Amino acid sequence: MKKKKNNEMDFNKSTLEENLTNKSTRKLIKFLEKSFPSQQKSSDIEDKIKAIRCLKKDFILYAIARLEKICYISDLRQSIIVVGFFVTTISLIFRESGIFKRLFQLNLDYGWMFVIFALLLFFLMYMAYKDRKRYIVSLHFKELLIQIKEDMKKK
1 MKKKKNNEMD FNKSTLEENL TNKSTRKLIK FLEKSFPSQQ KSSDIEDKIK
51 AIRCLKKDFI LYAIARLEKI CYISDLRQSI IVVGFFVTTI SLIFRESGIF
101 KRLFQLNLDY GWMFVIFALL LFFLMYMAYK DRKRYIVSLH FKELLIQIKE
151 DMKKK
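Under the working numbering, residue 155 is the last one in the sequence shown; the count climbs by one each step, no gaps.
No wet-lab data here; the hints were simulated from the structure. Incorrect hints may appear among the rest.
As the list claims (entries may be wrong) - Pairs of lysine-lysine residues, derived as DSS-like cross-links and limited to a Cα-Cα distance of at most 30 Å, are as follows:
hint	residue 1	residue 2
1	Lys-56	Lys-154
2	Lys-153	Lys-23
3	Lys-153	Lys-34
4	Lys-133	Lys-41
5	Lys-130	Lys-69
6	Lys-154	Lys-41
7	Lys-142	Lys-13
8	Lys-13	Lys-149
9	Lys-34	Lys-69
10	Lys-34	Lys-133
11	Lys-149	Lys-50
12	Lys-149	Lys-23
13	Lys-30	Lys-41
14	Lys-57	Lys-30
15	Lys-155	Lys-56
16	Lys-48	Lys-23
17	Lys-155	Lys-13
18	Lys-34	Lys-48
19	Lys-149	Lys-48
20	Lys-130	Lys-155
21	Lys-130	Lys-41
22	Lys-48	Lys-130
23	Lys-57	Lys-41
24	Lys-69	Lys-48
25	Lys-69	Lys-50
26	Lys-57	Lys-154
27	Lys-13	Lys-57
28	Lys-149	Lys-34
29	Lys-13	Lys-69
30	Lys-48	Lys-27
31	Lys-142	Lys-69
32	Lys-155	Lys-48
33	Lys-154	Lys-142
34	Lys-57	Lys-142
What the hints assert, rightly or not - Quick list of the computed label-pair ranges, beta carbon to beta carbon:
hint	residue 1	residue 2	range
35	Glu-33	Lys-153	26 to 36 Å
36	Val-115	Ser-38	19 to 29 Å
37	Lys-155	Leu-119	46 to 56 Å
38	Lys-69	Val-115	31 to 41 Å
39	Lys-50	Val-115	51 to 61 Å
40	Lys-133	Val-87	20 to 30 Å
Given the structure is predicted, the values throughout are model-derived calculations rather than measurements. The C-beta atom is built at its ideal place from N, Cα and C for all residues, glycine as well.
Whole structure, please, built from the sequences with the hints as guidance.
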């Protein structure tokens, strides 16, 4: 009997139900990323789809709703991050023109202000990357569940 690697999680009906209902969003996304990597054997995919098909229809509807919520929140965060990016960029423009210093009457050296804005921009870009990844993973699995639900209707 072949032993699974540590990075491969057991993907079956019970672990799927447990992760979709009881785990935090972060843990759910990690589980889905590990369970559905970008490259895997077709036999592994077939086994995972069979496990998903074993779920009850009501449970699939619940999972779709939860993943839809994750997608919505991630998309909303993307919008907030974009607005933050533009506010930070505009602040940098005002800083360079001296308007920023006159408006807020700050006595910070321009070097320190640049470091603060650069760190803020870096943080915003990192958050955008993390949210985009969360959005893509949840959208992918949600679409898979919708397709399986539709297939179940036909049968």
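For each hint, the structure was consulted:
1. Between Lys-56 and Lys-154, the direct Cα distance comes to roughly 15 Å. Compliance with the 30 Å bound is thereby established for this hinted pair.
2. Pair hint Lys-153 plus Lys-23 holds up; C-alpha atoms about 28 Å apart against a cutoff of 30 Å.
3. Simply put, Lys-153 and Lys-34 have alpha-carbon atoms about 29 Å apart, close enough for the 30 Å limit, and the pair holds.
4. About 22 Å separates the Cα atoms of Lys-133 and Lys-41, which keeps this hinted pair within 30 Å; it holds.
5. Taking the CA atoms of Lys-130 and Lys-69, the gap is about 16 Å. The hint holds against a cut of 30 Å.
6. Taking the CA atoms of Lys-154 and Lys-41, the gap is near 27 Å; set against the 30 Å cutoff, the hint holds.
7. Restraint check for Lys-142 and Lys-13: the C-alpha separation of about 16 Å stays at or below 30 Å, so the hint holds.
8. For the hint pairing Lys-13 with Lys-149, the CA-to-CA distance comes to about 15 Å; that is within 30 Å, so the pair holds.
9. Using a Cα cut-off of 30 Å, the hinted pair Lys-34 and Lys-69 holds, with the two alpha carbons roughly 21 Å apart.
10. Between Lys-34 and Lys-133 the CA atoms are separated by roughly 13 Å; this keeps the pair inside 30 Å, and the hint holds.
11. Between Lys-149 and Lys-50 the CA atoms are separated by roughly 13 Å; this keeps the pair inside 30 Å, and the hint holds.
12. At most 30 Å may separate the alpha-carbon atoms for a hinted pair to count; Lys-149 and Lys-23 meet this at roughly 22 Å.
13. Note on Lys-30 and Lys-41: the hinted pairing holds, with a Cα-Cα distance of about 20 Å set against a maximum of 30 Å.
14. Among the hinted pairs, Lys-57 with Lys-30 is consistent with the structure: their alpha-carbon atoms are about 24 Å apart, no more than 30 Å.
15. For the suggested pair Lys-155 and Lys-56, the alpha carbons sit about 14 Å apart, so the restraint of at most 30 Å is met.
16. Under the criterion of a C-alpha separation no larger than 30 Å, the hint pairing Lys-48 with Lys-23 is consistent with the structure, at around 19 Å.
17. Distance check on the hinted pair: Lys-155 and Lys-13 sit about 20 Å apart at the alpha-carbon level, within 30 Å; holds.
18. At roughly 12 Å between alpha-carbon atoms, Lys-34 and Lys-48 fall within 30 Å of each other, so this suggested pair holds.
19. A threshold of 30 Å between alpha carbons decides the hint, and for Lys-149 with Lys-48 the separation of about 15 Å falls inside it, so the pair holds.
20. Between Lys-130 and Lys-155 the alpha-carbon distance is near 38 Å, which puts this suggested pair outside the 30 Å criterion.
21. Straight-line distance between C-alpha atoms of Lys-130 and Lys-41 comes to about 27 Å, which keeps the hinted pair within the 30 Å bound.
22. Our distance criterion of 30 Å between C-alpha atoms is met by Lys-48 and Lys-130, whose separation comes to about 25 Å.
23. For the hint linking Lys-57 to Lys-41, the alpha-carbon distance of about 27 Å falls within 30 Å, and the restraint holds.
24. With a CA separation close to 23 Å, the supplied pair Lys-69 and Lys-48 stays within the 30 Å bound.
25. Proposed proximity of Lys-69 and Lys-50 is supported: the alpha carbons are some 25 Å apart, at most 30 Å.
26. Distance hint between Lys-57 and Lys-154 is fulfilled; the C-alpha atoms sit about 13 Å from each other, no more than 30 Å.
27. About 13 Å separates the Cα atoms of Lys-13 and Lys-57, which keeps this hinted pair within 30 Å; it holds.
28. For a cut-off of 30 Å, the pair hint linking Lys-149 to Lys-34 stands: about 23 Å separates their Cα positions.
29. Note on Lys-13 and Lys-69: the hinted pairing holds, with a Cα-Cα distance of about 22 Å set against a maximum of 30 Å.
30. For the suggested pair Lys-48 and Lys-27, the alpha carbons sit about 18 Å apart, so the restraint of at most 30 Å is met.
31. With a C-alpha separation of about 10 Å, the suggested pair Lys-142 and Lys-69 falls inside the 30 Å cut-off, and the hint holds.
32. Our distance criterion of 30 Å between C-alpha atoms is met by Lys-155 and Lys-48, whose separation comes to about 19 Å.
33. With a CA separation close to 19 Å, the supplied pair Lys-154 and Lys-142 stays within the 30 Å bound.
34. Restraint check for Lys-57 and Lys-142: the C-alpha separation of about 14 Å stays at or below 30 Å, so the hint holds.
35. With their beta carbons about 29 Å apart, Glu-33 and Lys-153 fall inside the hinted range of 26 to 36 Å.
36. Range check, Val-115 to Ser-38: Cβ separation about 37 Å, and the 19 to 29 Å hint is violated.
37. As the Cβ distance of Lys-155 to Leu-119 is approximately 55 Å, the hint placing it in 46 to 56 Å holds.
38. Separation of Lys-69 from Val-115 is about 37 Å and conforms to the stated range, judged on CB atoms against 31 to 41 Å.
39. Checked against the given bound of 51 to 61 Å, the beta carbons of Lys-50 and Val-115, roughly 54 Å apart, stay inside it.
40. Look at Lys-133 against Val-87: about 23 Å separates their beta carbons, and that is inside 20 to 30 Å.
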